[in-house]
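Residue numbers (the working numbering), protein chains in the order written: chain V, 1 to 284; chain W, 285 to 547.
None of these hints come from the bench; they were simulated from the model.
Note that the structure is predicted; figures quoted are calculated from it, not measured.
Glycine included, each C-beta is placed from N, C-alpha and C at the ideal position.
Any given hint could be a false lead.
As the list claims (entries may be wrong) - Pulled a few chain W residues facing chain V out of the computed Cβ check, cut under 8 Å: (1) VAL331; (2) GLY365; (3) THR384; (4) MET412; (5) LEU414; (6) ILE487; (7) PRO503; (8) PHE507; (9) MET526.
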Amino acid sequence: MADRRPIYLMSPALAWLTAFMVVPCLLILVLGFFRRGIYGGIEYTFTLENMALVFDPLYAGIFLKSAVIAGLAASIAVVIGYAAAYAIASMPARRQPILLFFAVLPFWSNYLVRTYAWIVLLNREGLIVALARYLGFEGELPSMLYTESAVVVGLVYNYLPFVILACYAPLSRLNTEIVEASRDLGASGWTTFRRITLPMTVPGIATGFVFVFVLSIGNFVTPALLGGGQFQMIGNLVYAQFLTANDWPFGAALSMVLIAIMMGLLTLQTFATERASGARRVEG
Amino acid sequence: MADRSTQRLMLLIIAAVFAFLYLPISVLFALSFNEGGLPTAWTGFSVKWYGELLANNDILQAAFNTLIVAVASTIVATLLGTLLAIGVEIRRRNGRFLETIIFAPMIIPDIVLAIALLSFFSMLDVRMGLHTIIVSHVVFNLAFVCSVVRARLKTFDWSIVEASADLGATTVTTLRRIVIPVLTPAVVAGALLAFTLSVDEFIIAFFTAGAGRESITLPMQIFAMIRFGVTPEINALSTIVMTISVIALALSQRLNRGGIPGQ
Numbered sequence: 001m002a003d004r005r006p007i008y009l010m011s012p013a014l015a016w017l018t019a020f021m022v023v024p025c026l027l028i029l030v031l032g033f034f035r036r037g038i039y040g041g042i043e044y045t046f047t048l049e050n051m052a053l054v055f056d057p058l059y060a061g062i063f064l065k066s067a068v069i070a071g072l073a074a075s076i077a078v079v080i081g082y083a084a085a086y087a088i089a090s091m092p093a094r095r096q097p098i099l100l101f102f103a104v105l106p107f108w109s110n111y112l113v114r115t116y117a118w119i120v121l122l123n124r125e126g127l128i129v130a131l132a133r134y135l136g137f138e139g140e141l142p143s144m145l146y147t148e149s150a151v152v153v154g155l156v157y158n159y160l161p162f163v164i165l166a167c168y169a170p171l172s173r174l175n176t177e178i179v180e181a182s183r184d185l186g187a188s189g190w191t192t193f194r195r196i197t198l199p200m201t202v203p204g205i206a207t208g209f210v211f212v213f214v215l216s217i218g219n220f221v222t223p224a225l226l227g228g229g230q231f232q233m234i235g236n237l238v239y240a241q242f243l244t245a246n247d248w249p250f251g252a253a254l255s256m257v258l259i260a261i262m263m264g265l266l267t268l269q270t271f272a273t274e275r276a277s278g279a280r281r282v283e284g
Numbered sequence: 285m286a287d288r289s290t291q292r293l294m295l296l297i298i299a300a301v302f303a304f305l306y307l308p309i310s311v312l313f314a315l316s317f318n319e320g321g322l323p324t325a326w327t328g329f330s331v332k333w334y335g336e337l338l339a340n341n342d343i344l345q346a347a348f349n350t351l352i353v354a355v356a357s358t359i360v361a362t363l364l365g366t367l368l369a370i371g372v373e374i375r376r377r378n379g380r381f382l383e384t385i386i387f388a389p390m391i392i393p394d395i396v397l398a399i400a401l402l403s404f405f406s407m408l409d410v411r412m413g414l415h416t417i418i419v420s421h422v423v424f425n426l427a428f429v430c431s432v433v434r435a436r437l438k439t440f441d442w443s444i445v446e447a448s449a450d451l452g453a454t455t456v457t458t459l460r461r462i463v464i465p466v467l468t469p470a471v472v473a474g475a476l477l478a479f480t481l482s483v484d485e486f487i488i489a490f491f492t493a494g495a496g497r498e499s500i501t502l503p504m505q506i507f508a509m510i511r512f513g514v515t516p517e518i519n520a521l522s523t524i525v526m527t528i529s530v531i532a533l534a535l536s537q538r539l540n541r542g543g544i545p546g547q
C-alpha cells in the first residue's frame, strides 16, 4: 500500500518548480526555433536559421574563446583548490572544519562585490600599480584591468572556494591505511600520491572542474566588469540578444548550445564519479 | 606520518590561499574607512562614506526593495522547501527524475534561468517588477532550504514517528511534538541561507525586474555604480553587504550544527 501523504507535502514546491523552472526552460528550447519578428518580437514560424547562425564563424569563435577562458579558469582553480584541500585535509582533524568554513565563506557572499574588489586592485590608479610605484617601478605599466587575464583571475577567485570544498570531500574520506601501506611497501611520497591519492580523489577534481567551467562559460558579470566593454563571452552575447539587440530567438538558440555543453559535461562528471566509486568497490 | 618540511609546506599553502581569498576583500573594507577615498593614499579614518550612502535616495530605495524581495522569497521558499524535504524523505524511494528536478535550481547557471523566466513572463504578458523577482528567487531558494532540511532529516530516526503513531498520536501531534522541534534549527538555517542568497542575487533579479527604476535591487544598483568606476561609496556599500552576508551565514552554520533539542 503506497502512502500518498508525501505527495501532498511535495506538491506545492513541485508545482512551483514546474511552473517557474521547467516550463520556462522548455520555452527556451522552443523559442530558438522561431523567427524573429520585424519589431523585435517573435514570429511563430519554424526556422533553423538561429541554429545555423550559432555555428557561423563569428559566433562559433566567441564560443571557442569562452571555452578557452572557462577551461583556463577551471584548470587553475582545480590546481590551487586541490592543493588547498590537500593541505587542509593534512591538518589535525579538529582544525579542519573551521579552516574549511573560512575557505568556503567567501563563496556565499556577494559575487559582484568580490569581482569589484579586483577592479580596486587592478585599475590604473589601483593598489597594485601604487605598490609597484612604491617599490620603485617607473615607466609605463601594462594595463591589467580589462584584459583576458583579469577575467580569468576574477573567475578563479570567485569559484575557488567551491573547488576546495569539492576536492576536500574525497581527500578527507581517503583511507589513510592504504596510503600508509603504500609508504611501508617502499613507494615514495610522489608515487603514493600519483598511484593512490590522486586516482581516489578524481571525483572531487571532476566536480570542481566541471562546476567552474560551466559557471564560467556562461558568465556575463565577470567579463562585463573585468573584461571591459570590448570583450565578449557567450554570456554577454546572450545578455545582449535579450536586453539590447532584442533578438530573443537567437538568444535562445545560443542558450540552447550553452545548456547542451553544460549537460554534456555534467553527465561526464557523473560518469567519472560513478566509475571512481565502482573502482573503489572492486579494490576494497 | 608527515615530516616537518611537508607540514611547513602545507601551512604555507593554506596561508597563501587564505591570503588570496581574503586580501582583496580586506582592501575594500579598509578603503571604505579611508577619509580621502583614494586607494593610493591613506588620509585618516572616517565613516563619512557611510554617511554619504544614507543620504543617497537611490541606494536607500534599492536597499528597501532588496529587503522586500529577500523577506518575501525567504518566507515562501522556507515553507515550500521544508514541506518538500519532509515529503521526499518520507517517501525515501525517489526516482532520478524527481531528484534532478529538486537539485536543478542549485546548478542551473543563473543566466539560463534568468532568460528563461524573462521569456516566460513576457510571453504571458506579466508586468514585471518586485513580484516577479520574488517568484523567481523562490525557485532557487526553495531548493537550498530543501537540501539543508533534508540533510537534517537523513540523520533523523523515523522509528520515533512510527512509535508516536503506534502510541495513538495524531499526525498533527506527531508533527508538532516531534518533527517540528527536530527540524527547527535546520529550517531556520535554511531560511538564513535563502535570505543571503536573495540579498546577493543579481542576474535573475536583473532580468526579471522589468524596466524602470522602481524595482531596482541593491545588487543591480551596485552593478550600475561599478560600471562607472571605483568610488568610495561603493567600497562602503560593499562592506555593508558583505558584513550582512557573513553574519547571516555564520548564524546559519551555527544553527545547522546544533544537536537535536531535548536530547
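Checked hints:
1. Violation of the interface hint for VAL331 (chain W) is found here, the shortest Cβ-Cβ separation to chain V being roughly 19 Å, above the 8 Å cut-off.
2. A cut of 8 Å between beta carbons decides the hint on GLY365 (chain W): the least distance to chain V is about 6 Å, and the hint holds.
3. Nearest Cβ of chain V to the Cβ of THR384 (chain W): about 10 Å, over the 8 Å cut. The hint is violated.
4. Given the 8 Å rule on beta carbons, the hint for MET412 (chain W) is violated: about 13 Å separates it from the nearest Cβ of chain V.
5. Because the beta carbon of LEU414 (chain W) sits about 16 Å from the nearest beta carbon in chain V, more than 8 Å, this interface hint is broken.
6. With 8 Å as the threshold, the beta carbon of ILE487 (chain W) comes within range of chain V, its nearest partner Cβ sitting at about 7 Å, so the hint holds.
7. At its closest, the beta carbon of PRO503 (chain W) sits 6 Å from a beta carbon of chain V; the interface hint therefore holds under the 8 Å criterion.
8. Using the Cβ-Cβ criterion of 8 Å, the hint placing PHE507 (chain W) at the interface with chain V is satisfied: the shortest such distance is roughly 6 Å.
9. Given the 8 Å rule on beta carbons, the hint for MET526 (chain W) holds: about 5 Å separates it from the nearest Cβ of chain V.
Of the numbered hints stated above, those contradicted by the structure are hints 1, 3, 4 and 5, listed in ascending order.
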